[in-house]
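2 protein chains.
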Amino acid sequence: MMDHTHKAFDTDLQDLARMVAEMGGLAEQQISDAADALDRRDLTVAQRVIVGDARIDALQRELESKSVLTIARRQPMAVDLREVVGAMRIANDLERIGDLAKNIAKRVVVLDHEFRAQQVMRGVQHMTELVLSQIKDVLDAYARRDLAKAVTVWKADEEVDAVNNSLFRELLTYMMEDPRNIGICIHLLFCAKNIERMGDHATNIAETVYYMIEGRPLVDERPKNDTTSSTVVPFDA
Amino acid sequence: MMDHTHKAFDTDLQDLARMVAEMGGLAEQQISDAADALDRRDLTVAQRVIVGDARIDALQRELESKSVLTIARRQPMAVDLREVVGAMRIANDLERIGDLAKNIAKRVVVLDHEFRAQQVMRGVQHMTELVLSQIKDVLDAYARRDLAKAVTVWKADEEVDAVNNSLFRELLTYMMEDPRNIGICIHLLFCAKNIERMGDHATNIAETVYYMIEGRPLVDERPKNDTTSSTVVPFDA
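So the protein lines, in turn, are chains A and B.
First residue of the first sequence? That's 1 in my numbering, and the numbers climb one at a time after it.
First residue of the second sequence? That's 1001 in my numbering, and the numbers climb one at a time after it.
These aren't lab readings, by the way, just hints derived from the structure by calculation.
Since no wrong hints were added, every one of them can be taken at face value.
With a straight-line Cα cutoff of 27 Å, these simulated BS3-like cross-link-like pairs (lysine-lysine) come out:
id, chain 1, residue 1, chain 2, residue 2
1, A, Lys7, B, Lys1066
2, A, Lys66, B, Lys1066
3, B, Lys1106, B, Lys1136
4, A, Lys193, B, Lys1193
5, B, Lys1007, A, Lys66
Incomplete in silico selection of chain A near chain B, CB under 7 Å:
id, residue
6, Val68
7, Ile71
8, Ala72
9, Gln75
10, Val85
11, Met175
12, Met176
13, Pro179
14, Ile182
Using N, Cα and C, we set each Cβ at its ideal position, and we do this for glycine too.
This is chain A alone, in the form it adopts within the complex (with noise of 0.2 Å):
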């Protein structure tokens, strides 16, 4: 690239930079929302949740006309255009968590009834600060482009995945026990899972971090520990 295309790319990467650092606080910021308005039963902030979704939404749809016309004006190569097609890739990733958040919010609207369980709304909490910590970790490997970091959100997605194992055992006891349980037992099944999802988009998130610094995909099998898709409930319990 001569001088000046350079100077214009790298203001391209930062405004790419800025929008993705933008799109991240907002998908923590539905989803910890998302996560009191359930632990509350809180419908005011179930309904923001819920409207607040469609930023996301157009935030994503910016990001990636900016980089399609970056990519376009100054051709970039080899970890330039990583950085162009990561930043792509990372806001793809937020724009489903959003979605996953909101869907939260709208199971909050019908929750409304005397069923607390402490014990599976503390695991429910429980989840959600782990899977928050890991997007808030690995957003800030994508802003300061650390390796180390990445891999380590990427490691730690199993802990998410037990958590949500013993939370769908527990749920799954509570509806043997009083069938009134079930629905609302439903609802907080749906949400665990979508909790679960986001954490699989963090560990995407880090993927692409470290395709970004490296140049080529992060590829060992991690254990993957969610088995709630493989349980076999005993249907004597």
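Dock chain B against the given chain A, drawing on the hints supplied.
Structure of chain B alone, referenced to chain A:
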């Protein structure tokens, strides 16, 4: 663009279209195999679906690289640029559809027990057929740049939501009738949710086709009839 550049660009576009068609064909096959495996509890087919997902993931990455290089080399503008961005977006949706089919296949592995509610399985099959025909139609709309067909798919999502809602209520009834059904019904609930989400991705693809042709988003508020995340469950059922 100069003439020779335009010719090269046309070849690039044809390659991208061919890759989208290949991904679409694979995704359709994965859905139909996953549904078949679920219906017949066929572990061999389920295993094939789980393994086969990697091919769709790889194609999505290839298509992304090819798109980015095309943008950098040919610097397309306006409608030409939308063609490339559109292919990337559609590939993202097809990759997600593949993930959802894989998730259903993973659940088949643990469903091997005697509970076979004919009506529920018919509902799942019906939903799968609807979603498969939506995906076929929207890929056809993409291949022919058929605006009307894309809009038709976009509107047809209501039907999938309606089947999902009735399945949801049916599964709840089975769970409340007999706690021994709870485990398997939860897996079927997640399978139904996955199929419904495939329909959402078909809708996304319809929006992309519209954007490619018209250069603006499909914005009319479509009536959204998926109420499973906001169904108030009768607690004394």
